[in-house]
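Chemist: Next come the chains, spelled out residue by residue.
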Amino acid sequence: MTIALFSGSIDKLTGASIILAGAAADDMDVEIYVLMQGARAFLKDVAGDPEKLGMAENPELKEEFLASLERLKVMPWIEFFREAKELADVKIYVCGLAGKMWGGEEVSDFVDLVDDIVGIGECITSLEESDIHLFI
Amino acid sequence: MDQEELKNLVVNKSVDARAVACPGPLLAAKKAVRELESGQLMEIMSADSATKRDVPKWAQKKGHEYLGTVEESGFFRIYMKVK
Chain A
9 MTIALFSGSI DKLTGASIIL AGAAADDMDV EIYVLMQGAR AFLKDVAGDP
59 EKLGMAENPE LKEEFLASLE RLKVMPWIEF FREAKELADV KIYVCGLAGK
109 MWGGEEVSDF VDLVDDIVGI GECITSLEES DIHLFI
Chain B
70 MDQEELKNLV VNKSVDARAV ACPGPLLAAK KAVRELESGQ LMEIMSADSA
120 TKRDVPKWAQ KKGHEYLGTV EESGFFRIYM KVK
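These protein sequence lines map, in sequence, to chains A and B.
According to our numbering, the first sequence is numbered sequentially starting from 9.
According to our numbering, the second sequence is numbered sequentially starting from 70.
Quick caveat, the hints were computed from the structure, so don't treat them as lab data.
Just so you know, nobody snuck in bad clues.
Simulated coverage check for chain A against chain B, where a stretch passes if three residues somewhere in it have a Cβ under 8 Å from a Cβ of chain B:
#1 24 to 32
#2 80 to 87
With a straight-line Cα cutoff of 25 Å, these simulated DMTMM-like cross-link-like pairs (lysine to aspartate or glutamate) come out:
#3 B:Lys130 / A:Asp34
#4 A:Lys93 / B:Glu104
#5 B:Lys131 / A:Asp37
#6 B:Lys82 / A:Glu94
#7 B:Lys131 / A:Asp97
#8 B:Lys121 / B:Asp85
#9 B:Lys130 / A:Asp97
#10 B:Lys130 / A:Asp139
#11 B:Lys126 / A:Asp35
#12 B:Lys150 / A:Asp34
#13 B:Lys100 / A:Glu87
#14 A:Lys81 / B:Glu140
#15 B:Lys130 / A:Glu137
#16 B:Lys100 / A:Asp35
#17 B:Lys152 / A:Glu94
#18 B:Lys130 / A:Asp37
#19 B:Lys126 / A:Asp37
#20 B:Lys152 / A:Asp35
#21 B:Lys100 / A:Asp123
#22 A:Lys81 / B:Asp85
#23 A:Lys52 / A:Glu114
#24 A:Lys93 / B:Asp123
#25 B:Lys82 / A:Asp34
#26 A:Lys93 / A:Asp139
#27 B:Lys100 / A:Glu78
#28 B:Lys100 / A:Asp34
What follows is a list of derived Cβ distance ranges for each label pair:
#29 B:Gly132 / A:Asp37: 14 to 24 Å
#30 A:Glu130 / B:Asp71: 49 to 59 Å
#31 A:Asp37 / B:Glu104: 17 to 27 Å
#32 B:Asn77 / A:Lys60: 48 to 58 Å
#33 B:Ala119 / A:Glu72: 15 to 25 Å
#34 B:Lys82 / A:Leu69: 36 to 46 Å
#35 B:Glu74 / A:Asp123: 45 to 55 Å
#36 A:Met109 / B:Phe144: 44 to 54 Å
All C-beta atoms in this analysis are idealised placements derived from N, C-alpha and C, irrespective of residue type, glycine included.
Bound conformation, chain B alone:
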């Protein structure tokens, strides 16, 4: 997906982990996935640079579909589809 498509996604759950450092965003993503059903979309917001690689790798490892990352001012949004 390109940036415009990602920005226009309507997600089922948005996780705001901007206030915490690694591994906070990863744990927040892990907890949020448990609340979603297969095929639903999730967004994780983080300001922690390590999370940019960590969460997509974790998502793919767990079988979820990593859709892409959108850069914002001071943070970024990671999008994924739950398996």
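So here's chain A without its partners, still in its complex pose:
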């Protein structure tokens, strides 16, 4: 599976993380290419703080969304990503341009889950070679 993760909003990241969890439970190899808005969400000082992320749909209901996640004891999206990496072969790459847009120049600017910073060519190759492609 290859996921082109464009979104950096809490609702779409949560959705992506649940899909990733399912893929990991299925022992799928997954490559995630973090693009544009997604790159911001993976910055060290953003990833663990839902207050720093917007909500793509029904933004006025963000507090309700977060409260529901807590009530249902759903792990934060970044923790699902972490678990998936522990359970399966999951690689997370940040697009170089996307990273730079948000001040992320090096891998160390992002959370430790990020494996490397790459260009769009690698993303396209991964998409070509994958059985399942998702754009989130």
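Take the given structure of chain A and dock chain B to it, following the hints.
Modeler: Relative to the frame of chain A, chain B by itself:
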């Protein structure tokens, strides 16, 4: 196996995932299986209704033997034998 047989099973590992929603129980089952050997028995407890179908399907897909589900008050127990 019937309900009585399932209730009387002695499992090698019991996973309590009642406090988490999907996909928490599935991930918990996945992690627990790694700690077991072939032929050992596992029980997953969950209160999440989607898990009732999710975990048995996942177990069968991965080659484990789904033995059955026991309903309790407010939650259920899924039993499986590791391949």
